[in-house]
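Respectively, the protein sequence lines represent chains A and B. For the first sequence, the working numbering gives the first residue as 1, with consecutive numbering after it. For the second sequence, the working numbering gives the first residue as 1, with consecutive numbering after it.
In short, the hints are calculated from the structure, not lab data. Each residue gets a CB set at the ideal place from its N, CA and C atoms; glycine is no exception. Misleading hints may appear alongside valid ones.
[To be verified] Sample of chain A residues facing chain B (criterion: CB under 8 Å; computed from the structure):
hint: 1; residue: Gly49
hint: 2; residue: Thr53
hint: 3; residue: Thr54
hint: 4; residue: Thr99
hint: 5; residue: Leu100
hint: 6; residue: Pro103
hint: 7; residue: Tyr146
hint: 8; residue: His149
hint: 9; residue: Arg229
hint: 10; residue: Arg291
hint: 11; residue: Pro294
hint: 12; residue: Ala354
hint: 13; residue: Gly357
hint: 14; residue: Val358
hint: 15; residue: Asp359
[Claimed, not checked] Distance windows between CB atoms, simulated:
hint: 16; chain 1: B; residue 1: Glu292; chain 2: A; residue 2: Asp104; range: 49 to 55 Å
hint: 17; chain 1: B; residue 1: Glu129; chain 2: A; residue 2: Arg351; range: 52 to 58 Å
hint: 18; chain 1: A; residue 1: Asp331; chain 2: B; residue 2: Ser2; range: 52 to 58 Å
2 protein chains.
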Amino acid sequence: MSADEENRLARVALTWLAEPGTRAVHRLVERLGPVATLDLLLDGGSPDGWLHTTVAARSTAGDARAVAAEALERADRLGARLVTPDDEEWPARVAGLSTLHLPDVTRRVDGETAPPLCFWVRGSWPLGEALERSVAVVGARAATGYGQHVATELGYGLAERDWTVVSGGAFGIDAAAHRGALNSGGLTVAVLACGLDRPYPMGNAGLFDRIADTGLLVSEWPPGAEPLRPRFLIRNRVIAGGTLGTVVVEASARSGATQTARRAIYANRVAMVVPGPVTSAMSVGTHEFLREFPKARLVTGVAHVLEEVGRIGTDLAPLARGPQRPADTLDDDARSLLEALPRRGAMGVDRLAARAGVDVRTALRKLSLLEELTLVVRRDDGYALAPPAKSKRGKPATAAETSASA
Amino acid sequence: MSADEENRLARVALTWLAEPGTRAVHRLVERLGPVATLDLLLDGGSPDGWLHTTVAARSTAGDARAVAAEALERADRLGARLVTPDDEEWPARVAGLSTLHLPDVTRRVDGETAPPLCFWVRGSWPLGEALERSVAVVGARAATGYGQHVATELGYGLAERDWTVVSGGAFGIDAAAHRGALNSGGLTVAVLACGLDRPYPMGNAGLFDRIADTGLLVSEWPPGAEPLRPRFLIRNRVIAGGTLGTVVVEASARSGATQTARRAIYANRVAMVVPGPVTSAMSVGTHEFLREFPKARLVTGVAHVLEEVGRIGTDLAPLARGPQRPADTLDDDARSLLEALPRRGAMGVDRLAARAGVDVRTALRKLSLLEELTLVVRRDDGYALAPPAKSKRGKPATAAETSASA
Numbered sequence: 001m002s003a004d005e006e007n008r009l010a011r012v013a014l015t016w017l018a019e020p021g022t023r024a025v026h027r028l029v030e031r032l033g034p035v036a037t038l039d040l041l042l043d044g045g046s047p048d049g050w051l052h053t054t055v056a057a058r059s060t061a062g063d064a065r066a067v068a069a070e071a072l073e074r075a076d077r078l079g080a081r082l083v084t085p086d087d088e089e090w091p092a093r094v095a096g097l098s099t100l101h102l103p104d105v106t107r108r109v110d111g112e113t114a115p116p117l118c119f120w121v122r123g124s125w126p127l128g129e130a131l132e133r134s135v136a137v138v139g140a141r142a143a144t145g146y147g148q149h150v151a152t153e154l155g156y157g158l159a160e161r162d163w164t165v166v167s168g169g170a171f172g173i174d175a176a177a178h179r180g181a182l183n184s185g186g187l188t189v190a191v192l193a194c195g196l197d198r199p200y201p202m203g204n205a206g207l208f209d210r211i212a213d214t215g216l217l218v219s220e221w222p223p224g225a226e227p228l229r230p231r232f233l234i235r236n237r238v239i240a241g242g243t244l245g246t247v248v249v250e251a252s253a254r255s256g257a258t259q260t261a262r263r264a265i266y267a268n269r270v271a272m273v274v275p276g277p278v279t280s281a282m283s284v285g286t287h288e289f290l291r292e293f294p295k296a297r298l299v300t301g302v303a304h305v306l307e308e309v310g311r312i313g314t315d316l317a318p319l320a321r322g323p324q325r326p327a328d329t330l331d332d333d334a335r336s337l338l339e340a341l342p343r344r345g346a347m348g349v350d351r352l353a354a355r356a357g358v359d360v361r362t363a364l365r366k367l368s369l370l371e372e373l374t375l376v377v378r379r380d381d382g383y384a385l386a387p388p389a390k391s392k393r394g395k396p397a398t399a400a401e402t403s404a405s406a
Numbered sequence: 001m002s003a004d005e006e007n008r009l010a011r012v013a014l015t016w017l018a019e020p021g022t023r024a025v026h027r028l029v030e031r032l033g034p035v036a037t038l039d040l041l042l043d044g045g046s047p048d049g050w051l052h053t054t055v056a057a058r059s060t061a062g063d064a065r066a067v068a069a070e071a072l073e074r075a076d077r078l079g080a081r082l083v084t085p086d087d088e089e090w091p092a093r094v095a096g097l098s099t100l101h102l103p104d105v106t107r108r109v110d111g112e113t114a115p116p117l118c119f120w121v122r123g124s125w126p127l128g129e130a131l132e133r134s135v136a137v138v139g140a141r142a143a144t145g146y147g148q149h150v151a152t153e154l155g156y157g158l159a160e161r162d163w164t165v166v167s168g169g170a171f172g173i174d175a176a177a178h179r180g181a182l183n184s185g186g187l188t189v190a191v192l193a194c195g196l197d198r199p200y201p202m203g204n205a206g207l208f209d210r211i212a213d214t215g216l217l218v219s220e221w222p223p224g225a226e227p228l229r230p231r232f233l234i235r236n237r238v239i240a241g242g243t244l245g246t247v248v249v250e251a252s253a254r255s256g257a258t259q260t261a262r263r264a265i266y267a268n269r270v271a272m273v274v275p276g277p278v279t280s281a282m283s284v285g286t287h288e289f290l291r292e293f294p295k296a297r298l299v300t301g302v303a304h305v306l307e308e309v310g311r312i313g314t315d316l317a318p319l320a321r322g323p324q325r326p327a328d329t330l331d332d333d334a335r336s337l338l339e340a341l342p343r344r345g346a347m348g349v350d351r352l353a354a355r356a357g358v359d360v361r362t363a364l365r366k367l368s369l370l371e372e373l374t375l376v377v378r379r380d381d382g383y384a385l386a387p388p389a390k391s392k393r394g395k396p397a398t399a400a401e402t403s404a405s406a
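Isolated chain A (complex conformation):
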């Protein structure tokens, strides 16, 4: 076995002995390399009491190197490959997880946020290239029609603009984001919390096959690994840290989706949140997140997302504005005169000038201007508002209508 092959085998074995993200293991690998770290742990030489116990317990179920070798064979049969930091396609951005520290950690899983030791990948794109320009779109499984619509639009719009969509594999928002990206013919990446041969949930098996055909299925766990609960949280750090930003579309009050956004915040990525009706339980978590994290950005669509993650000066969202009306360009005097005109009938220039608080000479000049703009008509008995005409925007815009719009 070559040194390279030994290293790869050791990384797989280490991921089996202790869950991905374990800081003590990552530190050892950084210092000693994977092979020496594996030897040290198997010899009972772990510097960390908890890790020592875990390795000993796990080892009673099998020989770590043998388990790893079997996993590699199984991956081969699956058409999946192992990707390690030694490979060219390793996604450099996940190294940023080494500085991810969540505050107020009470569960061990929230503290074990070290970078991955390896990835299992199905699909033909190089992993690093796929994640280079990527945005995560995550959210509730029990999504509403509203949330699924928004997630599909985001997935479609991002992929259409050559951004890679990244999400988990769950029903609801995750699946909708992938489907949107697939429908645009773009690139989408599903990061799973179990072996690539165990589609979870089963109902998304067809979706996973479509993703693997044109995008990537990715996992830190070897073939055969089960989707145990803490693995979703461990996986979430990769979704947050492997992308430039995370968008949460819907989340209930107690949701894993906001856990991903939380990791994005503390990994110095952009955390983005799509609001929803305050009457929807599926938007409670998103609104709480916006209230709790001033750094989180409210986004309402692809343009806003691109504004956050896009390079400065490009991909900027236009400010939402109503249509420009001719009256918008008027100065204060012309505006005052327009607004002083009666809704019905005409008014002489003297009275009009007094009502508007401008002198008569100015009034005459401004009224000519208003006539030119077809906002006002001159009649025998004075000046009157122009009759409402169908505007080009298909909506009549009369002064009477606008007079109550502020």
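Mind docking chain B on chain A? Use the hints.
For chain B alone, coordinates are given in the frame of chain A:
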């Protein structure tokens, strides 16, 4: 005529000569008092060129003092009263408007944000007392069913907790907020942009009568004044500055409601925004406001509003959380064991300990605990998940269900 009566008449006359909020007039009144200011302006002695022209133009339509005297008589017949800073019921908070300066002013109306010279009031509550603990609820006229529901709930909830609801008189959100407050039997104040004898819009005339019966109808303009367009913006500064905070419920991209919130921000009041579906045109303005003003607070209901405007330590909103589950109280080892149990069937303690990565002695201890919590059952062939039972919350909460929730 007493000196007091002369002062009152002069304030009314000044409001007729130049629109409320005019800074030059307010500065003169602060320095010279209302009577001397009126004399100065009528003598053509205005220090401000624009004000000079306006006063001269307006004066061609009548004698300012005579117009004011007539307005006072008309108010008397209406059952309305004039309130000035000399009255005990003057709302002290509006004085804060003297420091309100909007940035990037291009329209004159955005610069003229001085405190009011007087108010016309219909209703029996003292104005200052009514506004002491008040929150503004404003929004789109073309509100959706969603927005009207939220505004009604806010109006009801605030008034029920002895907060005064303040709004304009428009259809949509304004009317819904008032109706909610009225339905709770609480206090609501409508601030109009025209004379109190000219209900605008007419369709709300019945609502205005109900408001005057138990709350207050308020305006800076004398009886007979028309609802000219700029008056709504002038009025908005009073809604923003007279309350502790302003909540915007729905607003299109180009909306007067966000103008009120903008004034709240720059008057150092709390600006609050209720989000909505990103697919709704009526929430575009609210979302843009949240994006534009980091100081604006996203609120989803009365509890959040009270948290912002309530006194420190009282009226605090609880953080939205899902129900506590027994598994929430488990330590890492117990949780790992619970999650390592197969979905169906039992597993021996040795295999279970290896899967969970804990030693066998710890496993046995934690499994007893899990048995006590009725999360796990001991069987002849090992340990198994407890069968799903209807929980007290009417929803089965099994480990299998929770294992995919992160």
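Inset, instruction - Starting from the hint list further up, note which numbers the structure goes against and sort them upward. - result: 1, 4, 5, 6, 16, 17 and 18
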